[in-house]
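Colleague: Sequence:
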Amino acid sequence: MPYLVLAGFGLLLRVHELGERAYHHDESLHAVYSWYLYVGRGYTHDPLMHGPFQFHVNALMYFLFGDSNFTGRLAAVLFGTGIIVLPYFLRSELGRVGAVVTSLLFTISPSFLYFSRFTREDIYLAFFTLGMVVGIFGWIRTRDARYLYFGSLSLICAFADKEATYIHGFVFVTFFALLWATSRLHGLWHPVWRALRDIKVRTWIECLAIFVGVYVILFTTFFTNLGDPWNCVRGLPCKPGGLWSGSIGALQYWLEQHGVQRGGQPLYYYALLLPLYEPVPLIFGAAAIATAWFRRSLFGPFCAYWFLANFAIYSWAGEKMPWLLPHVVMPLVLLAGRWLGDWLSSFPIRALVERPALAAVGLGLLGAGTSMALLAVGAFESLTPLEAQSLALERLTLGAVLAASIGGLVYLRRVRRVPIGRSLLAALLVVLSFFYVHTAWMVTYAHGDIPVEILVYVQSSPDVPWVTREIERISYQTAQRDELRILMDNGYSEVINGQPVVHESVSWPFEWYLRDYKNRRYFTKTLGGDINLRDYPVILVMAPNLDPIKDQLGDYVGQKYRLNWWYPEDYKNWQTQPGIIWSGLTDPVTRAKVLKYLVYREPLNPLGSREFYFFVRKDVPLLGPAAGANLTPAAAAPRPGAPAGASAPREAVIESLNPAVSLLGVGQAGESLLVEPKAVAVGPDERVYVTEGRGNRVTVFNPDGTIATSWGQAGANDGQFAEPWGIAVADNGDVFVADTWNHRIQKFTSDGRFIMAWGGLIDARGDVQAARGRFWGPRDIVIGPEGLLYVSDTGNKRIQVFDANGTFVRAFGGEGSEPGTFNEPVGLAFAGDTLLVADAWNGRVQRLDVNGASRGVVAVSGWESRAITNKPYLAADEQGRVYVTAPISGQVSVIYPNGEVRALPRPSDARGRMGLPTGVAVARDGRVFVAESAGGALTLYQAANVP
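In terms of my numbering, the sequence shown opens at residue 176 and continues consecutively.
Be aware that one or more of the hints could be misleading.
What the hints assert, rightly or not - Keeping only pairs whose Cα atoms sit at most 25 Å apart, straight-line, the calculated PhoX-like set for lysine-lysine is:
no.	residue 1	residue 2
1	K735	K725
2	K700	K793
3	K747	K768
4	K725	K793
Stated by the list, open to error - DEER-style ranges, computed between Cβ atoms:
no.	residue 1	residue 2	range
5	A767	A621	39 to 45 Å
6	G194	E777	27 to 33 Å
7	D938	G194	40 to 46 Å
8	L607	I488	49 to 55 Å
9	W616	V387	43 to 49 Å
I should point out that these hints are in silico values taken from the structure, not numbers from a laboratory. Here the structure is a predicted model, which means the values were calculated and not measured. Here a beta-carbon is modelled for each residue, glycine too, at the ideal position from N, C-alpha and C.
Given only the sequences and the hints, what does the whole structure look like? Please build it.
Modeller: Below, the structure is given as structure tokens:
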């Protein structure tokens, strides 16, 4: 009965919101090739994707229940649930209570729960490995041939699933070989030898028939992939087929991959993951290994050897990945289950619920909580005397509570004769259990496709299924359904400075999500003459691959999204920084950050990501709201009477990082409120105006850091935006916005009422005076001393000048590296009557008069990147200092009138709200605002602290 309850509970945990998490790259591969088999396109074994088992079982799920995001993971769920049941067949080895505890641990284990909802081969291998153990020990114990049949079936299915079976087989065989070699020292070999002798010849033949039969059926896909192996053996031209690739090719391929070391993880990778995700099996499994109970039976030493060997081999192996963690953890779960089962059975529970014992448990929990609070208390650095006094009082109070807890435990032990060891162990188990469940919930449900978890490896972002739903909406609104034509970036390779550079494709996981659309077409680097864009309402292109085709996308509106993203892996540098672990334990600031990560999963550094653009033809109904990825707050409801696209004020505060630097645009819980802030301007009323590129809106902050108003949404109508960048505010409060990918300038009142717009797409093709008043992609706006607007028409390599009503005045520039010409002009600023231009790809700031005549240049480092997100901006203060952003290096520099260059301090932020600085502005009082595009906030430097 307990096993059925646990299995039912485990099944519910595993199917809850099963199809909601974005499909990982590897998941999409497995789901698609299983789908090929299901729809009749066949399957051919390829060692790259391991064995054929998962493809056949996934195809079976599709056949029974249809193909969907849910059924693509259903087989993994069923086998993950099966692991919960298998300890029932090891009750003699684990003990009756221990077997139930083991099943419970498998039910809530973070790694087993997460990968039971992940369509990869590892959860099947875990089931079959435990199935082999059940078969071996079941036969030794009962001589029931059914255990051998089940063990044989598990063995061949494991081989047909993944090549790591060779590792597990090696571990099992070497254990029994060592047991035989040391048989004179113990009596554990004799039951094994008797069990081997008792296997009848007929049973051997039946087990071999199971092995060979399943092998042939799976690796040949029911005899459809036989190939001509005899020609291969004789050295003749041949097609090896599944039999050959399954037995020889797979092992050979993955032995070669050992040297590749995919992921580049350090030797201590699993030593890091185990305490972070599996503390209960680790602590109590280690207790089982350290104590002598397991020496009384064969099973204990077997599990201990299994864990130690797996840990050593997987740590040594070239590929160290999070999905391999269940193979390391499984023997620990068995050991921990047995140890906890013995402990729970060793004393009556009634003794633990008596008042003195409960008091000891409570004091243990209080002491543990106080210790954690003490570790989390911050440092005295950069505090005012009053703050330092408050911190000292906090430490003193916590220390007193901890001392009282210890004193109470001593009293209970010496005076009341309470066995506090058991009580403290119970308290430890309670604390670890809460942490265990909390960790399982976070990694499985809260962060399943948000890689603040180390266990979540290069995960597709939630933007991908959102874009898929948008494509589905478009397919219905255009009445094209699965006939909708979609143009997709296939990536390309090129050689730069003698080095090969690979530009990645947008295909995975979209091959799975868009599998039903028959008219998908891929392009490579450029759009060939045979591609008529009028046929394609939707285009998907990787962000780094946009430049070669952007000139042809004038009839499209697009937004940028994350394709996949990853944990920053800052732990990799530990081996190159001696003492960093000790420093993390002793330094209060670092320790507090680590504890925040353990509890809240706040990474110490920003997440990495690959991005893509989703383009929709302008005659197609407009895009919906941005995807959000659970990290960006959704737009609030419009206010009555507000301008189109306006949203209700979000609750924003100014958060101090230190006395010199603060963050603007964060919520009371510290969350970022801005969606890729691009540029910033300070109005005459000291309000701060920010463009949100991916958020497609303008947000206005009051001087106290609260949000005054915001307006805008994705689209091409009046008051709507397609990735706005530059912004400027006139003395009368009018706001001008560079609506970059709508190729226009929009003018608003200070509260967001639309006034007018001008522009349109044009490729000037090097002619500075061509198509005046139209743009390729305006990036910045600055208002000159005479009240005219200067606009950087970046793609056309020119500056255009207008009056406040959009009337063209003049243009200057042109492509080149000579003074007065540009190569990617972006940020603009005025220092007196001198126009400053961030001439990005020429690596310089140009000083020009209002007609474009050169007044000199200043070389700038850090602008080498040509990525579409790395656009530098400028600002100047009344002292003649010029502030320059370098997005890719994360630096903000100050250029003094004498040519001296200094960097603004960039304090660390554990939440990753500082990164990719783009826009910069200076207030009249000397405060400096920097738009942190990747962090979703503004950095505010006080005037007195600017160097």
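Colleague: State for each hint whether it applies.
Modeller: Structure-based check of all given hints:
This hinted pair checks out: K735 and K725 have alpha carbons roughly 13 Å apart, not beyond 25 Å. Distance check on the hinted pair: K700 and K793 sit about 23 Å apart at the alpha-carbon level, within 25 Å; holds. Proximity of K747 to K768 is assessed by CA-CA distance (about 17 Å); at most 25 Å being required, the pair is judged to hold. Taking the CA atoms of K725 and K793, the gap is about 15 Å. The hint holds against a cut of 25 Å.
Between A767 and A621 the beta carbons are some 21 Å apart, a value that contradicts the proposed interval 39 to 45 Å. Between G194 and E777 the beta carbons are some 28 Å apart, a value that agrees with the proposed interval 27 to 33 Å. About 43 Å separates the C-beta atoms of D938 and G194, a value consistent with the hinted range of 40 to 46 Å. Taken as a hint, the range 49 to 55 Å is violated for the pair L607 and I488, whose Cβ atoms sit roughly 27 Å apart.
The hinted range of 43 to 49 Å is satisfied by W616 and V387, whose Cβ atoms lie roughly 44 Å apart.
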